[in-house]
Amino acid sequence: MADSLATGAALTADTWADFVARLRHDCVGAGVDRHYTADAAFLVQKRVWQTVPDELSDILRIYTDGHDEPLDQFFNDLESDQQAALNEAVDGEFLKADGYDAAQAIERLHPDSTLYHAEERWEFVCQHFTRDAAEAFIRRKGHDYREGLRVYVDATVYSRELNAIKAAILDGSIGFIAKEPS
Numbered sequence: 001m002a003d004s005l006a007t008g009a010a011l012t013a014d015t016w017a018d019f020v021a022r023l024r025h026d027c028v029g030a031g032v033d034r035h036y037t038a039d040a041a042f043l044v045q046k047r048v049w050q051t052v053p054d055e056l057s058d059i060l061r062i063y064t065d066g067h068d069e070p071l072d073q074f075f076n077d078l079e080s081d082q083q084a085a086l087n088e089a090v091d092g093e094f095l096k097a098d099g100y101d102a103a104q105a106i107e108r109l110h111p112d113s114t115l116y117h118a119e120e121r122w123e124f125v126c127q128h129f130t131r132d133a134a135e136a137f138i139r140r141k142g143h144d145y146r147e148g149l150r151v152y153v154d155a156t157v158y159s160r161e162l163n164a165i166k167a168a169i170l171d172g173s174i175g176f177i178a179k180e181p182s
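Under this note's numbering, the letters of the sequence shown match residues 1 to 182, in that order.
Hints may be right or wrong, so weigh each one.
So the derived label-pair ranges between C-beta atoms look like this [stated by the list, open to error]:
hint	residue 1	residue 2	range
1	Glu107	Arg34	44 to 52 angstroms
2	Pro53	Glu93	23 to 31 angstroms
3	Ala85	Pro53	26 to 34 angstroms
4	Asp112	Ala164	51 to 59 angstroms
5	Ala168	Ala30	15 to 23 angstroms
6	Glu55	Arg24	45 to 53 angstroms
7	Gln127	Glu55	30 to 38 angstroms
8	Glu79	Lys141	17 to 25 angstroms
9	Gln50	Phe176	17 to 25 angstroms
10	Asp65	Ala85	13 to 21 angstroms
11	Cys126	Thr37	14 to 22 angstroms
12	Glu93	Val32	20 to 28 angstroms
13	Glu79	Asn163	51 to 59 angstroms
Everything labelled a hint here was simulated from the structure, so no lab data went into it.
Glycine included, C-beta positions come from ideal geometry on N, C-alpha and C.
With the hints as constraints, model all of the structure from the sequences given.
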C-alpha cells in the first residue's frame, strides 16, 4: 500500500480516492463477506492476561523480571539444572504438576516470580474506518504489544452519526476539496 491515509500519507485527492475505494470495499463491496456487516468499524485490540481464581482456568502464566509469560516458555528458557530442580520439587514433571504444586515449587526456587491462573482478554487500542488501516497500525506498532494485536470487526448499526458520515462519503456528499493556496 503506497500512498495511503492508512499508512500515514498526506490527505490529497489521490489518497482520498484510495480511502473511499477501501471504505466501499469494506462496507458495501466484497469485503463485507469477510465480516458480515456493512456497518463495520475495525477495532485494533491487544491481548491481555488477567488473574482469575484457580478453578476458572487451567492456563498458568508466570510473572518474573518485570514481565509475564506462559509457564512452559519460562520453564523451557531455564538452564537444565534449574529445570531438574523444579522437576524434583514436584516429584515428577514440573509442567505436568497441578497448579498448587507448581506454585509451591516456584515460590521456593524462584521467590521473585509469581505463578498465576490466567484468562485471556482483549482490550480496545484504536478504531479505524477500514481493515487496511487497522492492519497498517498493527504492522507499524505491533512490536509495542508483546502479547499480540488483532483486528476485531464491530457492528456500528446503532452508531447513527458514524454510519451517516460513512454513507455520505460513499455517496459523494462528503468529499475531498483541494485547499486554495494562500
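Status of the hints after comparison with the structure:
no.: 1; hint: Glu107 - Arg34: 44 to 52 angstroms; result: holds (47 angstroms)
no.: 2; hint: Pro53 - Glu93: 23 to 31 angstroms; result: holds (25 angstroms)
no.: 3; hint: Ala85 - Pro53: 26 to 34 angstroms; result: holds (28 angstroms)
no.: 4; hint: Asp112 - Ala164: 51 to 59 angstroms; result: holds (55 angstroms)
no.: 5; hint: Ala168 - Ala30: 15 to 23 angstroms; result: holds (22 angstroms)
no.: 6; hint: Glu55 - Arg24: 45 to 53 angstroms; result: holds (49 angstroms)
no.: 7; hint: Gln127 - Glu55: 30 to 38 angstroms; result: holds (35 angstroms)
no.: 8; hint: Glu79 - Lys141: 17 to 25 angstroms; result: violated (34 angstroms)
no.: 9; hint: Gln50 - Phe176: 17 to 25 angstroms; result: violated (44 angstroms)
no.: 10; hint: Asp65 - Ala85: 13 to 21 angstroms; result: holds (18 angstroms)
no.: 11; hint: Cys126 - Thr37: 14 to 22 angstroms; result: holds (19 angstroms)
no.: 12; hint: Glu93 - Val32: 20 to 28 angstroms; result: violated (49 angstroms)
no.: 13; hint: Glu79 - Asn163: 51 to 59 angstroms; result: holds (58 angstroms)
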